[in-house]
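Top to bottom, those sequences are chains V and S.
Reminder that position 57 of the first sequence reads as 57 in our numbering, one-by-one numbering, no gaps.
Reminder that position 21 of the second sequence reads as 21 in our numbering, one-by-one numbering, no gaps.
None of these hints come from the bench; they were simulated from the model.
Cβ coordinates follow ideal geometry from the N, Cα and C atoms, glycine included.
One or more of the hints may lead you astray.
Said to hold, decoys possible - Simulated coverage check for chain S against chain V, where a stretch passes if three residues somewhere in it have a Cβ under 8 Å from a Cβ of chain V:
#, segment
1, 64–74
2, 184–196
3, 230–237
Said to hold, decoys possible - Some, not all, of what chain S presents toward chain V, calculated at C-beta under 8 Å:
#, residue
4, L144
5, S145
6, F148
7, I152
8, P160
9, V169
10, E200
11, A205
12, K209
What the hints assert, rightly or not - Footprint (simulated), chain S over chain V, 3 or more residues, beta carbon under 8 Å:
#, segment
13, 101–109
14, 264–273
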Amino acid sequence: MAAQTALSMRDVVFRYMEQGKRNILDHVDLEIPAGSVTVVMGAGGCGKSTLAAVAAGLYPENGGFLAGGKIAWFSTGLDRMNPQQRARQVGMLFQNPDLQFCMDTLRKEMRFCMENLCLDPGEMEPRIRAAAEELGVQELLDQPLHTLSGGEKQRAALACLYVMESRCLLLDECFANLDRDAALQLMEMLRQMHRQGRTILAIDHQPDLWLDTADEFILLGEGGRVAARGLHKGNLPQYRPLFQELGLFYPEPPRPYRPAAEEKDPILCFEELSVAKGEVRRSLFRRRTEPAPLLLEGAEARFPKGSMTAVLGPSGCGKTTAFLAVLRRHAYTGRITLDGADLSGIRPRDLYRQVGIVFQNPANQFITQNVAEEVMASLRVWNPAWPEDACRAEAERRLEEYGLSRYRRYSPYMLSQGQQRRLAVLSVLCGGQKLLLLDEPTYGQDARSVQAIMAQLRDKVDNQGLSVIFITHDRALAAAWADKIYWLRDRKLEPARAGEVTL
Amino acid sequence: MTPFLEKWNPTVKAATVLVCVILLSVQYLVSLNLTVFALCLVLLLAGSRCGLRRLAALLLPAGVAALGLFFMGLYYARGGSVDPAALDTVSALPYAVRAAMSRNLYTAPQLATRLLAYAGLGMMFALSTDTEIFIASLLHQCRLSPKFAYGILAAFHLMPGMVREFNQVRLAFAVRGLHVHPLSLQPIFTMLVNSVRWSECVAMAMESKGFCGDAPRSYCLVPRIHWYDLAAAVAAVGGIVLGMVFLRY
């Protein structure tokens, strides 16, 4: 007897505008066998997330236009199921851990899920208890969800799918923003659910976490069409050229970290730096400081000038907060010096002329609704004396340099994640800043975009003397690009030794 | 044990507060206003888990507003602020004293205490009601659509994330050399773009968990109306009506 099919998509055509010419999914055929673990990979913009949303029935209900094709889950047509029936067949885990809960604690969220499926209220508590015990999430049940880390939120979301007993788990880049330990924990939960007979269909742009678990890798090409399937750990090397052609991460041992031969003068120094997690909360009647754990305690570090330095550490260990201290947006004790000058003596505006930051979500830092205007606005801020023509010409030149000139009339929000990050870097460096802080540069991007942005920064570092500090949980990225790496562990910053940074 | 004010069915409580507010708006009794205000505070302290500090933090703006209304009523109410007769007889007195001697001296506390009574009723509801139970109660007692009810809950639970994001947007703007003050529109615009995107994501996540506005669903929490909910409502409204009949000032 042939194995049952979990998902079947036949000749699916989907586009965002009914009248539009570009099909995001262009005659896609896909079949996923029940009980398997399948990983679908594709470059950014190839439509893999759209494929997941269409397969789950979220599109076209929430946007877009399905121009043709048939989709079925476990032999039942998607068009014959309402969300309640769909949820019994397929549960989805999304990329952004913050945006998948309706309630404020996991227990309530699990109840919400089971209420949606019309389960008897009397059954709910025993099911919640059993799921929490099975998956080891008891301690998360009653904590406010917004206080959980990204990894904990993903585990909580997966626990919700567990109590719903969905037959297939559809994962849309669910590891995208998790550090390795959190990702491994989540992976263990997934394996456990697979052992219980659930089908797993994952959309991802990095295969390495899946190597030991996946039965099959599928590569998507243009229009979400299958470029190759039947890949597995054993035959992966023969597809290496295709990985490169499609701009995908090929799983290979990371380049061993080789620190720069000679260390240059520091641009930024931490001396006895301590940073606490808590913020000073002002109540109406008295000022009180929450007893807060220290993220950094007496940390010492020297970030060399004209180099790229990486700060590695798990999520939530205080990397971003340390950056905020450098921008004087978070209280600290000890001493931070920027190019020899004590940070506490520099006025914020003068500080921001020297230090720029690009956040995880670059869309948060756009100040206009037009790409060219975005660069010009920055140029005007930092060079108030420049005439309009000079600003325009300089903006054009910089857009050209970053490969963004053909998008000059677009809204920044319409660009892809990779382009948005390039635009953010470009706008942030308009004042001639000499130090750039980069928070998780790989967030939501494929190999090609990451390569493009890092190569561009490397060029600026080598030829224009820019100094870059990037914080990341991606060890391979740090090993590949950094001249110096710091570990943030046990509240200290320790320089990594040569060859130490491996997976 | 749940304190009695928190046990009161939220829909009945809200309706009672609404009726009380309407009743208070058609009377001018300072004594009744003050009694309602005081009773609300006493009930809150005795019958809910709301702390004194939280109460005081809310009372402060209400007190300032009441004081403002008092002076406004004192000086400017009823067209002519000062009786012309008073001008002839005691013209040597300062304006404030003359104003105080006029009939406005009664109008002003009427306005100010009414505001306090409203504040008291509002706080009594807000500080003793759990949002989720209130929404659940609206779902069951007022037949609110689940789509709307859970939409509100999801938005409410997004707030901490939005505050965090808003602070980051403001920081990002400051680092780009823009002066950001609390009322700057640009960070708000960015947040608006974010919230549209966020609400879409949350709606899709809810749908993928089987939520759909019109299909039948079961409920863990079904607030009901008991005899004591209605008795409390009758007592509150009846008390105010009696006050309106028997109190003189």
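Okay, the hints, checked on the actual structure:
no. : hint    : verdict
1   : 64–74   : violated (count 0)
2   : 184–196 : holds (count 4)
3   : 230–237 : violated (count 0)
4   : L144    : violated, 15 Å
5   : S145    : violated, 15 Å
6   : F148    : violated, 13 Å
7   : I152    : violated, 10 Å
8   : P160    : holds, 4 Å
9   : V169    : holds, 5 Å
10  : E200    : holds, 7 Å
11  : A205    : holds, 4 Å
12  : K209    : holds, 5 Å
13  : 101–109 : holds (count 5)
14  : 264–273 : violated (count 0)
Of the hints listed earlier, those the structure fails to meet are numbers 1, 3, 4, 5, 6, 7, 14, in rising order.
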